[in-house]
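Undergrad: Given next are the chains, with one letter for each unit.
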Amino acid sequence: MNEQSEVFASQETLTACYRRIGVISLIILFVFCALGFRLWQLQIVEGDRFRTLSEKNRIRLKRLPSIRGLMLDRTGRVVVGNHPSFDVILVPEDAQDRLTTLHTLASYLPQAVDFLEGKAPRNPLRPAYEGISVARDISWDTLAMIESHQLDLPGVSVEANLKRFYAAGNLAAHLVGYIGEVNQAEMAAYKRYRQGDLIGKVGLEKAWEEVLRGYNGGQQIEVDATGRKLRVLDEVKTQPGYNVHLTLDLELQEQVEQALGEAEGAVVVLAVETGEVLALANRPTFDPNLFALSIKPNEWRTLVEDPLRPLTNRALRGQYPPGSTFKPFMALAALKEEVVMPETQFNCQGGLPFGGRTFHCWKRPGHGWMDLKQALAQSCDVYFYKVGQRLGIQKIAQAARRFGLGQDLGLALAASPGLIPDIEWKRRRFNAPWYDGETLSVVIGQSYVLTTPLQMAVATAALANGGIIHRPFFVTQVSSVDGEPIQIYSPEIMTRTEIPEEHLRIVRDGMREVVHGERGTGKKAFLPDIEVAGKTGTSQVVSRIPGKEEKVPRHHRDHAWFIAFAPVKTPKIAVACLIEHAGKGGGAVAAPVVRQVLEAYFRIVEQRKLENDGIRQTAG
Amino acid sequence: MMGFDRRLVEHFDWLLFCLTVGLLGLGLLGLYSATYDGSPQASPQFIRQLIWAAVGFCGMGLAFAIDYRRLEQWAYLLYGATLCLLILVPLIGSFGGGARRWIYVGMFSLQPAEFMKIGLLLVLARWYHRVVPPGGYGIRDLFAPAVFFSAPALLVLWQPNLGTTITLGLLFLTLTFTAGLRLQSLSILALAGGSILPFIWTYLKPYQQQRVLSFLYPDIDPLGAGYHMIQSKMTVGSGMLWGKGFLLGTQNRLDFLPEKHTDFIFAVFAEEWGFVGALGLLVLYCALLIRLLVIALRARERFGLLLTVGVAGIIFWQIVINTGMNVGALPVVGVPLPLLSYGGSSLLTTMVAIGLALNVSTRRLFF
Chain A
1 MNEQSEVFAS QETLTACYRR IGVISLIILF VFCALGFRLW QLQIVEGDRF
51 RTLSEKNRIR LKRLPSIRGL MLDRTGRVVV GNHPSFDVIL VPEDAQDRLT
101 TLHTLASYLP QAVDFLEGKA PRNPLRPAYE GISVARDISW DTLAMIESHQ
151 LDLPGVSVEA NLKRFYAAGN LAAHLVGYIG EVNQAEMAAY KRYRQGDLIG
201 KVGLEKAWEE VLRGYNGGQQ IEVDATGRKL RVLDEVKTQP GYNVHLTLDL
251 ELQEQVEQAL GEAEGAVVVL AVETGEVLAL ANRPTFDPNL FALSIKPNEW
301 RTLVEDPLRP LTNRALRGQY PPGSTFKPFM ALAALKEEVV MPETQFNCQG
351 GLPFGGRTFH CWKRPGHGWM DLKQALAQSC DVYFYKVGQR LGIQKIAQAA
401 RRFGLGQDLG LALAASPGLI PDIEWKRRRF NAPWYDGETL SVVIGQSYVL
451 TTPLQMAVAT AALANGGIIH RPFFVTQVSS VDGEPIQIYS PEIMTRTEIP
501 EEHLRIVRDG MREVVHGERG TGKKAFLPDI EVAGKTGTSQ VVSRIPGKEE
551 KVPRHHRDHA WFIAFAPVKT PKIAVACLIE HAGKGGGAVA APVVRQVLEA
601 YFRIVEQRKL ENDGIRQTAG
Chain S
1 MMGFDRRLVE HFDWLLFCLT VGLLGLGLLG LYSATYDGSP QASPQFIRQL
51 IWAAVGFCGM GLAFAIDYRR LEQWAYLLYG ATLCLLILVP LIGSFGGGAR
101 RWIYVGMFSL QPAEFMKIGL LLVLARWYHR VVPPGGYGIR DLFAPAVFFS
151 APALLVLWQP NLGTTITLGL LFLTLTFTAG LRLQSLSILA LAGGSILPFI
201 WTYLKPYQQQ RVLSFLYPDI DPLGAGYHMI QSKMTVGSGM LWGKGFLLGT
251 QNRLDFLPEK HTDFIFAVFA EEWGFVGALG LLVLYCALLI RLLVIALRAR
301 ERFGLLLTVG VAGIIFWQIV INTGMNVGAL PVVGVPLPLL SYGGSSLLTT
351 MVAIGLALNV STRRLFF
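Chains as they are written, first to last, in the working numbering: chain A, 1 to 620; chain S, 1 to 367.
The shape of chain A in the complex, shown without the other chains (with noise of 0.2 Å):
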């Protein structure tokens, strides 16, 4: 009985399935009608169409590069812009005879030669239809040549494309960086970009590569058999990039970079109040223009193997012992732990032994009884073996690390941190114990200890301002096209060190003497109107016994080091020179570049001051 109505049951249950799978039977045969019909749309209807359409195909892809952001410095003058480039491109799909057309196309453009001899890129992932790019940058005669051949060269056209143009030349070369076509690497982090894109790969170029870039568009295009463009079907428009504006100031840097000379070595000028880098120069340099379009092996190979390493920003990246620029934030240090007072009073007799030895005074006959100040004001060694001798490496280290010095400055640019030594330090790096010695070379900038001339100027920009470290930055400003602003940048603060007012004067008046003393180290950065202040520095690469330094090998030679801020009593710019292997002490050679930069720097702002007094004046 049970089972009877459970078949029953099941039974009933199927039956009311059947209609439903009635429907789904009806369901399947319309969709497939439906199918078919399109089908029969597709291939019939409109096969003669797509049929064309197909061959060779027809309809392609485009691409529609964007425009590149431009740079403009501090006074809204173009750093980094633009310039428009005839590029030849060669469809070899479209070209009927590939080798008669190259043939063809070589004798007006030598470069196509090497697509004749196999030596062009290859890239198998390709597509056949997408052109390649035969030369870039064509003059205007072989542009006319080829456009007047247009028929004897199936499959090449010319493009009008623009090139990254690097307005400043090999000025701020290093800072602003340069561009370069994207490999494997930056393909696989960043899905936007396709082969043949440029991309920032130095410098703020890179830094700011997201802003500048943009978004890229592209055109469906119907072409004839031939490959000629017939109309567009639809399109992407681009997005150019962003501007930048820069904290640099353009007729500053080329003064700064002119100061240099050809002296290796690196100069940053910092603006005191805000940390912003008005100026950063680097020798030797180059001219990034030689990277806007791809550079050639010769010239790349050139820029790596000279050994002066022209591709280095010195500014952020070289690493030299500060030497007596280390002194005034030891002198702070010294006031700050009350080992010395401001009247204490030692003796230099040209040396002061310890551990069997004697660390010498650069002056060998001594300086006689020296204060604070004076010991600044002439770098008096033997005074701060006194003060390290006091103060101990924990102390010393601390003091440095207050200023930013050995620290890493959170840039969005490479930048090296810097070294400074402590006993934890050593123990990990060398597994050893400190010896008081070293203490004794440290306090005046030698041995272990490394700075960047960045941070040096920063340093010095926090001495001036009361003990401020500002964040040192670049781009106040990120603008659309219109001008519109996208973006601003504020002065940003690091950490700030309470300072107490008297110790700094004493310091200020140390470095003041440096430049207008009698006996002043750095007297040749001495400007008649504005009231300096400074602190040579010389720092050894290896120790020796001084001599003739012109028979010393350049790599052995000492490096030279000046750092200011000016005016004094209202102190608006902080400059870090560091000329690399000088050979001569910081005051015969880097104090002359600092006065050439804080010269032009009072002689700029007071030109600008002018000018926007007559527009004030006229427009009132």
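Just so you know, the hints here were simulated from the structure itself, not pulled from any lab data. Beta carbons: idealized from backbone N, C-alpha and C, even for Gly. A portion of the hints provided could be inaccurate.
Computed spacing ranges between beta-carbons, pair by pair [as the list claims (entries may be wrong)]: (1) G22/A - W242/S: 30 to 40 Å; (2) L230/A - A287/S: 35 to 45 Å; (3) A81/S - G22/A: 33 to 43 Å; (4) T312/A - P40/S: 52 to 62 Å; (5) T100/A - P40/S: 24 to 34 Å; (6) L64/A - A287/S: 41 to 51 Å; (7) R19/A - A190/S: 16 to 26 Å; (8) V147/S - R19/A: 24 to 34 Å; (9) I51/S - G22/A: 36 to 46 Å; (10) T100/A - L15/S: 55 to 65 Å.
With chain A's structure known, arrange chain S on it following the hints.
TA: Chain S only, in chain A's frame:
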């Protein structure tokens, strides 16, 4: 249990089997062409697919040999096993094309999401077979099947694999509809589905959103999916009445279509064999589906009926989505064309599914 049953041969459904073999043959023909690179040697994909076809016949034989009523008893076990495989994917799976879908076993890669179709089919058919409320299912009755569906569907969506998620969803709906819904529940389900869409939308990856948008508004992405669509239409259309001939498809040769050996195999086939060939292919598919429905009508009990309808559903919906995309009538969503597209897991799944239908068909006269 018992020795070889002669009835298995006597009542074997040769029609369904021959239709399957015919479609498989056409698929291999299309694949050979789609992966042909000018050399007389067959492409590695073609050889792999041949191996997978052999594996597929074994799977089909297995699915045919075990009495489907026994499979009904094992439904939860099989469902659980496929679900476990699916859970393994995010743990040990490999990435490809921005998604994590594959598990490598030796030199072959498995896509557990494909096998999930069978697992879900078995468990749903069993549940709808055993639980039959008079007057049809109310919304509350559907809780268990909804859970059976959601668990794998969410896992697959998360991979992300939109195409298979949609197939699983359509399988669920097809079986639920066939099992019998109250009219009221049907409307509630439609409403719920409509309101859940916006959530699914926000969950989709940007490229998936882009594809749907570019279908609805072809102008929005003329360089990406929109371009693929026009190329696909051009490929199909240029075949005209008789086609360009085997290995002579120019669109195919010039690599205008992405994933042409999987997602766009239909376009490649239609280009080379023309309207006649493509229509013939559709007629074969249609015959296969009608045959499956006939088997369903002849099944002796609910489980067999639902199982076969489910098999038809899996195959039908994939055909619709895939060919619809190929002829530019539906958005670009990666769903394989059963028996034609390159892909071992998909081929094996389809052949196992057809093995189940053969099983039901042959045993309908057994008592």
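Undergrad: Hint by hint, note whether the structure agrees.
TA: We went through each hint and held it up to the structure:
no. : hint                        : verdict
1   : G22/A - W242/S: 30 to 40 Å  : 36 Å, holds
2   : L230/A - A287/S: 35 to 45 Å : 44 Å, holds
3   : A81/S - G22/A: 33 to 43 Å   : 35 Å, holds
4   : T312/A - P40/S: 52 to 62 Å  : 56 Å, holds
5   : T100/A - P40/S: 24 to 34 Å  : 31 Å, holds
6   : L64/A - A287/S: 41 to 51 Å  : 49 Å, holds
7   : R19/A - A190/S: 16 to 26 Å  : 19 Å, holds
8   : V147/S - R19/A: 24 to 34 Å  : 28 Å, holds
9   : I51/S - G22/A: 36 to 46 Å   : 40 Å, holds
10  : T100/A - L15/S: 55 to 65 Å  : 60 Å, holds
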